[in-house]
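Peer 1: The primary structure of each chain is shown beneath.
2 protein chains.
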Amino acid sequence: MDNKRVVLASRPSGWVTEENFRLETAPVPKPAEGEVLVKNLWLSLDPYMRGRISDAKSYVKGVDIGEVMVGQTVGQVVESKHPTLKAGDHVLTPLGWQLYGVTREASKIRGDAPLSYYLGCLGMPGMTAYFGLKEIGQPKPGETVVVSAASGAVGSVVGQLAKSWGARVVGIAGGPQKCAYVKDELGFDACVDHKAGNLHRDLKEACPKGIDVLFENVGAESLDTCLRLMNVFSRIIVCGLIAEYNLTEPYAYRNMRSVLVNRIRMQGMIVFDWRERYGEALKDLSKMVQEKSLKTRESVVEGLENAPRGLISLLKGGNFGKQLVKLA
Amino acid sequence: MDNKRVVLASRPSGWVTEENFRLETAPVPKPAEGEVLVKNLWLSLDPYMRGRISDAKSYVKGVDIGEVMVGQTVGQVVESKHPTLKAGDHVLTPLGWQLYGVTREASKIRGDAPLSYYLGCLGMPGMTAYFGLKEIGQPKPGETVVVSAASGAVGSVVGQLAKSWGARVVGIAGGPQKCAYVKDELGFDACVDHKAGNLHRDLKEACPKGIDVLFENVGAESLDTCLRLMNVFSRIIVCGLIAEYNLTEPYAYRNMRSVLVNRIRMQGMIVFDWRERYGEALKDLSKMVQEKSLKTRESVVEGLENAPRGLISLLKGGNFGKQLVKLA
Chain A
2 MDNKRVVLAS
12 RPSGWVTEEN
22 FRLETAPVPK
32 PAEGEVLVKN
42 LWLSLDPYMR
52 GRISDAKSYV
62 KGVDIGEVMV
72 GQTVGQVVES
82 KHPTLKAGDH
92 VLTPLGWQLY
102 GVTREASKIR
112 GDAPLSYYLG
122 CLGMPGMTAY
132 FGLKEIGQPK
142 PGETVVVSAA
152 SGAVGSVVGQ
162 LAKSWGARVV
172 GIAGGPQKCA
182 YVKDELGFDA
192 CVDHKAGNLH
202 RDLKEACPKG
212 IDVLFENVGA
222 ESLDTCLRLM
232 NVFSRIIVCG
242 LIAEYNLTEP
252 YAYRNMRSVL
262 VNRIRMQGMI
272 VFDWRERYGE
282 ALKDLSKMVQ
292 EKSLKTRESV
302 VEGLENAPRG
312 LISLLKGGNF
322 GKQLVKLA
Chain B
2 MDNKRVVLAS
12 RPSGWVTEEN
22 FRLETAPVPK
32 PAEGEVLVKN
42 LWLSLDPYMR
52 GRISDAKSYV
62 KGVDIGEVMV
72 GQTVGQVVES
82 KHPTLKAGDH
92 VLTPLGWQLY
102 GVTREASKIR
112 GDAPLSYYLG
122 CLGMPGMTAY
132 FGLKEIGQPK
142 PGETVVVSAA
152 SGAVGSVVGQ
162 LAKSWGARVV
172 GIAGGPQKCA
182 YVKDELGFDA
192 CVDHKAGNLH
202 RDLKEACPKG
212 IDVLFENVGA
222 ESLDTCLRLM
232 NVFSRIIVCG
242 LIAEYNLTEP
252 YAYRNMRSVL
262 VNRIRMQGMI
272 VFDWRERYGE
282 ALKDLSKMVQ
292 EKSLKTRESV
302 VEGLENAPRG
312 LISLLKGGNF
322 GKQLVKLA
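Residue numbers (our numbering), protein chains in the order written: chain A, 2 to 329; chain B, 2 to 329.
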């Protein structure tokens, strides 16, 4: 039985291409003492991956050329030399873009939601939405919360959480289909189409009382435009800047003065900073999933060999909901 | 006896000029019940004044054409119909650019420091430094604090406070004379000359462990360059953006990504938000003045008619220390 894995072949400059990756075949590894051998079922694709394959400094070490691409997976334990995990267990792993792998860092999935949810609304994106909004955004009932990439894995949870906490929620998404979904299915109060070409005017109309909390997943024009509409004492969660990741020159922000004039608190976040408290978020979000008050949508690519295509699509906003690769 | 006052004649576009102001003569007003008539002795000139004469939205209402220019003064009560103030009292007032004025809002100066200090290190600039650094910057002993406009009214207090709280302090100032003063007289650990043309390289050398707290009074190149050197979990106090105030196009910031990568907390501040706590700052700062551990320097223009020239000089960085107009 052979393993298949995708390694980084070269670093992209600007947009990622399929040539930046290479599919390899290798023997399935044997677990050492303390490890499990896992068969991966689902691979998560996330915007942060663009940072890991770039040369620029980021918050963690990048992927080296020839190394297996990083990523979270949901899988099933095939063979265990781990003290508490056993064959058959479903686990969350950091095994990356491969069909099989050995690790000490698998954690058992205990809930009964669909397995892929543990990579989305009940996984890292869900935790990101929960802690960013609760700890940095701190929306009060009646305040206006704006979230960019509103139909995405993080944005969709942010908006539904903010609604459940009593805020007025406005999304920003790309295209009429995503906007309709955000409004009609996810229950946002409004959703603005950034592809329509009138972002400032449309956002202003959708936020007649200004913006109190901005949950920023996109950056560039989205962030710079929202800066013009922020209220006094408003908060900005800088969670992602996907619109910048593929630029060869960084975006030029023109509206920083708003930070001073409006006494804005703007804060960058990485979900790992709250890892001691994941249980708290998982409990709240699982309850919402059970009660069907947290809806989610997935974009699924079939087969490991198509993972590069899936990532490229995600980076271009081609996904519609949480981007996954189905491995088995 | 006639009053003299300076009114706004026209709004500047870009740099302020003397033609934007007009000197007028008017009768000295009579105090109504509850008011005092004050003879102004010192007028404070501050960067925020640029915002008040511009058309752009700011945090408070601007000065209308024909209105007396705003500003804090220190003066002496000439005649009192106020319940607690009496003739001869020294007071802090919002009377602006004029020799005499009536107001209900004068507050008695109780300390024994030189009167002009209550417009500088013991006045609004001192409060700004104190609360911005303490509440937003939160420097820990051994951390690196950078402050721009380091020889100015706010920056000089920021640096000396940060030193007294155990931080390593690096200033940014314009020209070798100011840098020498900041280092040798104010006791900063280093001071970088932004006019030397190598801001990034020089700052990097002066901050070998990166920047933990940035107290930003200038903005534009200063802020954008510091963003490249900020540490993980660092803080930025956005207190002033004087380098932007005279630009007709806002500055283009290129290094916003650092906010995400380094989980920076960046916050705009206006000192009025802490007005309930001014007493706390005044007590601490007065003690430092008495002990001679808080040094200050003043740039004095003589005569009300020269106030416009003083403001223009301040906006161009021509002042060296707290900019004042001596009125009597």
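A hint or two may mislead.
Copies of the same chain look alike in the list, so a pair counts if it works inside one copy or between any two.
[Stated by the list, open to error] The calculated SDA-like cross-link candidates involving lysine to any residue, where the alpha carbons are at most 20 Å apart (straight line), are: (1) 135 with 266; (2) 293 with 49; (3) 82 with 327; (4) 284 with 71; (5) 293 with 176; (6) 293 with 28; (7) 288 with 303; (8) 135 with 234; (9) 62 with 234; (10) 62 with 262; (11) 141 with 303; (12) 196 with 30; (13) 109 with 63.
Quick caveat, the hints were computed from the structure, so don't treat them as lab data.
Peer 1: Could you run down the list of hints and mark each one as holding or not?
Peer 2: Going down the list of hints, with the structure as the test:
1. Both within a single protomer and between protomers do residue 135 and residue 266 lie at most 20 Å apart by alpha-carbon distance, with minima of 14 Å and 16 Å respectively.
2. In the homo-oligomer, the alpha carbons of residue 293 and residue 49 never lie at most 20 Å apart, since the shortest distance is 28 Å inside one protomer and 52 Å across protomers.
3. In this assembly of identical chains, the alpha carbons of residue 82 and residue 327 never lie at most 20 Å apart, being 26 Å within a copy and 82 Å across copies at closest.
4. With identical chains, the CA atoms of residue 284 and residue 71 are never at most 20 Å apart, being 27 Å at best within one copy and 55 Å at best between copies.
5. In this homomeric assembly, residue 293 and residue 176 never come within 20 Å of each other (Cα to Cα): the closest approach is 26 Å inside a single copy and 64 Å across copies.
6. When the C-alpha separation of residue 293 and residue 28 is checked against a cutoff of 20 Å, the pair qualifies neither within a copy, at 43 Å, nor between copies, at 74 Å.
7. Proximity of residue 288 to residue 303 under the C-alpha cut-off of 20 Å is found in neither arrangement, the shortest distances being 29 Å within a copy and 70 Å between copies.
8. Within a single copy, residue 135 and residue 234 get their C-alpha atoms as close as 16 Å, and across copies as close as 18 Å, so both meet the 20 Å cut-off.
9. For a Cα distance limit of 20 Å, the shortest separation of residue 62 from residue 234 across copies, 18 Å, qualifies, whereas the shortest one inside one copy, 35 Å, does not.
10. Within a single copy, residue 62 and residue 262 get their C-alpha atoms only as close as 37 Å, which misses the 20 Å cut-off; across copies the closest is 12 Å, which meets it.
11. Taking the closest pair of Cα atoms, residue 141 and residue 303 never come within 20 Å of each other, the shortest separation being 41 Å inside a single copy and 51 Å across copies.
12. Within a single copy, residue 196 and residue 30 get their C-alpha atoms no closer than 47 Å, and across copies no closer than 60 Å, so neither meets the 20 Å cut-off.
13. Within a single copy, residue 109 and residue 63 get their C-alpha atoms no closer than 26 Å, and across copies no closer than 61 Å, so neither meets the 20 Å cut-off.
Of the numbered hints stated above, those contradicted by the structure are hints 2, 3, 4, 5, 6, 7, 11, 12 and 13, listed in ascending order.
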